[in-house]
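Enquirer: Chain by chain, the residues:
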Amino acid sequence: MKRRTFLTAGAAALAGSVLPAHSARAGKARGRVVVVGGGFGGATAAKYVKLLAPEVEVTLVEQNREYHTCPFSNLVLGGELPLSGVRHGYGALSSRYGVRVVHSAAAQVGEGKVVLADGSEVAFDRALVSPGIDFHFDKMPGYSAALAEKIPHAWKAGAQTALLRRQLEAMPDGGTAVILPPANPFRCPPGPYERAGMFAHYFKKAKPRAKVLILDAKEKFSKQPLFEEGWALHYGEMIEWRSAEAGGKAEALDAKTMTVETEFGEEKADVINYIPPQRAGQIAHDSGLTEGDWCPVNTITFESTLRPGVHVIGDSCVAAKMPKSGFSANSQGKAAAAAIVRALSGEEPIAPSFANTCYSFVTPSHGISVAAVYRSDGKAIQSVEGAGGVSPKEAGADFRRREADYARGWYRAITADMFY
Amino acid sequence: MRDDKTAFGGCGFFGGFLRRVAVAAAVLAVCAPAGAEGVGRGALLSFSCAACHAPAAATGNGGIPSLEGRGAGFIAAALRDFQSGASESTVMGRIAKGYDDDEIDAIAAYLGRKAQ
Chain G
1 MKRRTFLTAG
11 AAALAGSVLP
21 AHSARAGKAR
31 GRVVVVGGGF
41 GGATAAKYVK
51 LLAPEVEVTL
61 VEQNREYHTC
71 PFSNLVLGGE
81 LPLSGVRHGY
91 GALSSRYGVR
101 VVHSAAAQVG
111 EGKVVLADGS
121 EVAFDRALVS
131 PGIDFHFDKM
141 PGYSAALAEK
151 IPHAWKAGAQ
161 TALLRRQLEA
171 MPDGGTAVIL
181 PPANPFRCPP
191 GPYERAGMFA
201 HYFKKAKPRA
211 KVLILDAKEK
221 FSKQPLFEEG
231 WALHYGEMIE
241 WRSAEAGGKA
251 EALDAKTMTV
261 ETEFGEEKAD
271 VINYIPPQRA
281 GQIAHDSGLT
291 EGDWCPVNTI
301 TFESTLRPGV
311 HVIGDSCVAA
321 KMPKSGFSAN
331 SQGKAAAAAI
341 VRALSGEEPI
351 APSFANTCYS
361 FVTPSHGISV
371 AAVYRSDGKA
381 IQSVEGAGGV
391 SPKEAGADFR
401 RREADYARGW
411 YRAITADMFY
Chain W
1001 MRDDKTAFGG
1011 CGFFGGFLRR
1021 VAVAAAVLAV
1031 CAPAGAEGVG
1041 RGALLSFSCA
1051 ACHAPAAATG
1061 NGGIPSLEGR
1071 GAGFIAAALR
1081 DFQSGASEST
1091 VMGRIAKGYD
1101 DDEIDAIAAY
1111 LGRKAQ
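So the protein sequences, as listed, match chains G and W. For the first sequence, this note's numbering gives the first residue as 1, with consecutive numbering after it. For the second sequence, this note's numbering gives the first residue as 1001, with consecutive numbering after it.
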C-alpha cells in the first residue's frame, strides 16, 4: 500500500539522519492504543504514540470529522477570522502518521475495549481518554441545555461560535453584550476576558455606542492587570468588569426578557454569553474515571488512579497547577504518549516536564501572555519557582505587537504539532 | 452558512500552509521525536518546544523562529542567554528560567541531534 511505503521510507530516512549512534535502538513497544477524543490532548497523543513507536496500533475515536479550536475562536467573534480559520481535519493523522481514525461517538471505556455508540468495540492494551469538558447546564435558574441556542456559551468552538458571532452582528448600536464567566476551575482561564476585548474590538468599528459588561462569578481573573491596562488603553469605558462581590454574581437568567438577575438588581442585555460551570467530558463519568467533576490521575504518567491502563489528559484531568488549556493538553498528550510507549516496552516511566504559554489578544495587535514550566513531584504538578509569570506591565506597543505576532506563530505551531 | 474549508487547507488565514507542512513532515521537524529511542529525558524535556516552534516550512513572517537545523551549541547558548537576560525576549526568559544547567544540556543535545 502507498501509505505503508511512505511510512517505511519515512522511518528509514529518520533512522539515517536523526538517531544518535550511542542510543539507537529499534522500538520494542507493541500493542494497541485507543485514544478517545481528537482535541488538543487526544490528537497530539495519537500522533506522538505513532512517532515514538510506529509498530503500535493507534486508533483515534472522534465523533466529528472536523475540529474547531477554542484558541483563536475569540478572533472569529471579533470578526478577525472566518470560522474556517480555526477548522482542522484528521486526514494527515491518518495518511501521514498511520493513525486509524474512527469517526464515531464513544459510549464507554470498558475493560480492555472502548464501546462505540453503535455498540461495536475497539480493543486496547492501553486507552487514553481526552474528552475535554461538558457543562453543568442546571446550575443557573432560568437556563438549560436547550437555551444554549438562544444564550450561547461558545465554550466549545464551532456552531456555538458562529451563533454568538451572528448575535453580535445583529445587536443594535448602543446595545449591551453581557459575558458571564464561571468560577474556577474552568477551561481557558483568560478566555472570557480575551473575548470581552474581541467583542469591544468589533463594536469599536461597527457599533461604537455598544457596551461589554462582564458579570463575574469570581473576585479576580487571569492576567487581570494586563487586561485592564489594555482595555483602558484601547476601549476606554466600553468594557466594564464587575467582581462577584461588587454585584457580578448572576443569580438567574431570563431568556424571554434577556435579563440577568444579580444580587444588586437586574441587567438588561441584547446578547448574553453565559459560560456554564464545567466538568469532565461525559464519557469520563460513564467510564468510572471521575471523582466529583474531574478525573484524578498519576501526574507522571496520566494513568487514572481509578482505572489502571486508562490514561486521562487535558481539561478532564486534575493536573493543577497546570491550567485547563490547549497548551497544557498538548503538553500532557506528549507526556502520556511517552508513558504509554514506555509501559508497552516494559520500561519504567520517566518524570516529564511540562510547559504552558497562554497568549491572549487585547486587540489583534496587542498580545499578552502568561507562561510557566511545571514538574510533577509525584503527587501534584508544581510550577518551577523563579520561572514563568506574565508579560510586564507598561511594556509599550512594540512588545505588545510582538506578543500578538507570537500568538499567531504559536497557533500555527501547535495546530501543526497536533494535526499536520 | 458554512464552508468546508479548514484553516490550513483553504485559501484563508494560513493559505498555502498545509502544502508546506506536508513537505516539512516528509523530512520531519527537529522538535518531533525521533522514534522509540527518543522516549528519554532529553525528548521529554524538549517536547514542549514544538508547541510554539514549528517546522521551518510552517513558520510565518514575524513569528516564532524554527529550531530546525540549529546545533546543540546554539540552542544551549540561546537558552542560557535568555535565562540570564543577556538576550532580550518577550517570553523565552520566563521559560528558560524553568530549567537547570543539566536540563538545558539535555534539551540542546536532543534538539541539536539532527545538526550533528
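Hints are computed from structural coordinates only; laboratory data are not their basis. Model, not experiment: these values are computed from the prediction. Wrong hints could be hidden among the right ones.
As the list claims (entries may be wrong) - Here chain W is said to cover these stretches of chain G; the calculated rule only asks that three of the stretch's residues, wherever they fall, bring their Cβ under 8 angstroms from a Cβ of chain W: (1) 190-196; (2) 387-395.
Unchecked claim - To be clear about the criterion: a stretch of chain W counts as covered by chain G if any three or more of its residues have a C-beta under 8 angstroms from a C-beta of chain G, and this derived list gives those stretches: (3) 1043-1052; (4) 1069-1081; (5) 1088-1094.
Don't be surprised by glycine CBs; every beta carbon is placed ideally from N, CA and C.
Enquirer: Evaluate each hint against the coordinates.
Expert: Verification of the supplied hints:
no.	hint	result
1	190-196	violated (count 0)
2	387-395	holds (count 4)
3	1043-1052	holds (count 8)
4	1069-1081	violated (count 0)
5	1088-1094	holds (count 3)
Checked against the numbered hints given earlier, the structure breaks hints 1, 4 and satisfies all the rest.
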